[in-house]
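*Asks:* Below, each chain spelled out in residue letters.
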Amino acid sequence: MFFAQLKNELWKLFGKKRTYIGFGAFIFAQTLMLMAFKLTRWQSDMERMLSGNGYIPMEFISALTVALVMLMPQIILLMPLYVSLVGGDMVAKETEDGTLRMILSRPISRVRLLLVKWIAGIIFAVVLVLALGVMAVGLASLLFPWKGLFVFIPGQAFSVLPADVGSARFLLAHLFLAVNASAVLSIAFMFSCFNMKPAAATILALSYLFVNLVMEGIPFFDRYENWFITHHFKCWLLVFSDPIPWAQIFESETLLLAACASVFILGATAFHVRDIKS
Amino acid sequence: MIELRNVHKKFGSRVAVSDLTLSVPRGEVFGLLGHNGAGKSTAIGMMLGQVWPTSGEVRLCGHDVTAHRARALHKVGAIFEAPAFYDYLSGWRNLEILSHYTAPTSKERIREVVDWVGLTGREMSKVKTYSHGMRARLALAQALLPQPELLILDEPGSGLDPEGIAEMRETIVRLHRELGLTILLSSHLLSEVEQLCTRIAVLNKGRKVFEGLIADVKAARGRVMLKTPDFAAATKLLNERGLICGTVDGKYISLKDGRTTTEVVSALVNAGVAVEGIWQQDQTLEDFYLSIVKKPPPVPGSN
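Each protein sequence line maps, in turn, to chains A and B.
Here my numbering is used: position 82 in the first sequence is 82, and no number is missing along the way.
Here my numbering is used: position 48 in the second sequence is 48, and no number is missing along the way.
In isolation and in its complexed conformation, chain A is listed as follows:
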């Protein structure tokens, strides 16, 4: 029964046209990024940086490098926005549409219903992140060769990796990005469980992330950085370091997974005690 219910939740999620419009928007944005990299000074600037650090640019201006460049703004901006939209819809939209009342005239417990929905949401988040990675690599491969990976994020990462190691790390990074996406989805999902409109749940989730990001950027809060969820979101970049700081990654991932579980419990508690009215 649990898997049948989960399958149905996935039907609901992936049966909507809007879901695919989102994926389409990502492809569009990635194509723009690819064109911008290819046709502006972006590529030559990167080549200069590589040669300035003693590397042969042609060995590292590759499909993997460009895919990562294409992914970066999507991970920071579009992915949280889109995942929040989906997470904010999951319960609140059903309440708004009246379908939740239909479901809750059935003998399913509220906690189980939420659990099924949340797991469906997590599956969606993982599929989205994987799709983003595959689309980025696929598009970049059309214009760039499969060679080494160069990662540069000012103040955060500078790594040069051979193709085989680079692709493994690229894949590993997506595992942690999936956890990030799941955490964003869980926060929006939690707000969605309260008595509010879907848009309000999405806005609250994004506001929470924005406040975290802003506070984390204020020097006064440097010593409290571990308290900000956005700080832990950056741990996916650590997989490109050599050696990989596993302890730091483990700490951040544990915190993110705990945050996912905590916000789910909070949302489920709020949902359990509230009255569902037409």
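Be aware that a few hints might be false.
Said to hold, decoys possible - Mimicking BS3-like on lysine-lysine, the simulated pairs with C-alpha atoms at most 25 Å apart in a straight line are:
no., chain 1, residue 1, chain 2, residue 2
1, B, Lys205, A, Lys277
2, A, Lys7, B, Lys75
3, B, Lys128, B, Lys75
4, B, Lys227, A, Lys16
5, B, Lys205, B, Lys294
Treat the hints as calculated values from the structure; they're not laboratory data.
Based on the hints, put chain B in the right spot on chain A.
*Replies:* Okay, now just chain B, sitting in the frame of chain A:
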């Protein structure tokens, strides 16, 4: 099948349902009446475990809804006003999704119910292409899938055209006759309730103001139409003589228990008040409903 004992529900400081006690035995078609905001939907919400009662006990099919919601709702189907579906999915997929929240449901069972409600041939179309009547049939289908013993209908005729209302009425009769279901019907359509229900309860401002058999309501004496040149003076006199207990719309009088129209005519004629006409009206459910939710205005001259 349904037992509500001293149920009370408050939303903040607003009392939605107050001290509601209700009992619907197996096999009955029970009508729940009341104006908008009277507490009908809140009461139904509490029966289905969607609204938590502030105090009191709600039992369905012998199980406490608050403590054992899954057991209480296992053999219950429900239809709401303006039934909502996943419009972007087919009717069949909607039925699969909703039925799986109760128990695994075979394709044969879904097919059987689709046939029963008359949706065969359209079950694979997306729900957004359905007419209002087809949505009502789909709502009925989803309610029947778990093979319920109790069906709760919250304003099922809302938004339907006269043909749709007639079809809904026939369907309810079939459900009761062919499947032997116990039915709780909440509706504004008093004529439907009058034709379908064996017993009713009336809610007014969250309180139950009446519970009884439809047959008793119909048998009860109705109001009396009195035609006289000076209605106000006539009713003042009748009130002083202790013959009436109220007036309605400036042309009807309500007789006190044991009083007859002959006594009214006699009192008026003896006092020199002309009587142009007087006749007893048959009481419809609407008359009865209005008489208990709208208190009759005080008779002129009475305290």
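*Asks:* Hints first: check each against the structure and report whether it holds.
*Replies:* Do the hints match the structure? See the list:
With a CA separation close to 18 Å, the supplied pair Lys205 (chain B) and Lys277 (chain A) stays within the 25 Å bound. A hinted pair counts as satisfied when its Cα atoms are at most 25 Å apart, and Lys7 (chain A) with Lys75 (chain B) qualifies at roughly 24 Å. Taken as a hint, the Lys128 (chain B) and Lys75 (chain B) pair is broken in the structure, with Cα atoms around 29 Å apart against an allowance of 25 Å. Annotation: proposed proximity of Lys227 (chain B) to Lys16 (chain A) is violated, straight-line Cα distance about 65 Å (limit 25 Å).
For a cut-off of 25 Å, the pair hint linking Lys205 (chain B) to Lys294 (chain B) stands: about 12 Å separates their Cα positions.
Hints 3 and 4 from the earlier list are contradicted by this structure; the remaining hints agree with it.
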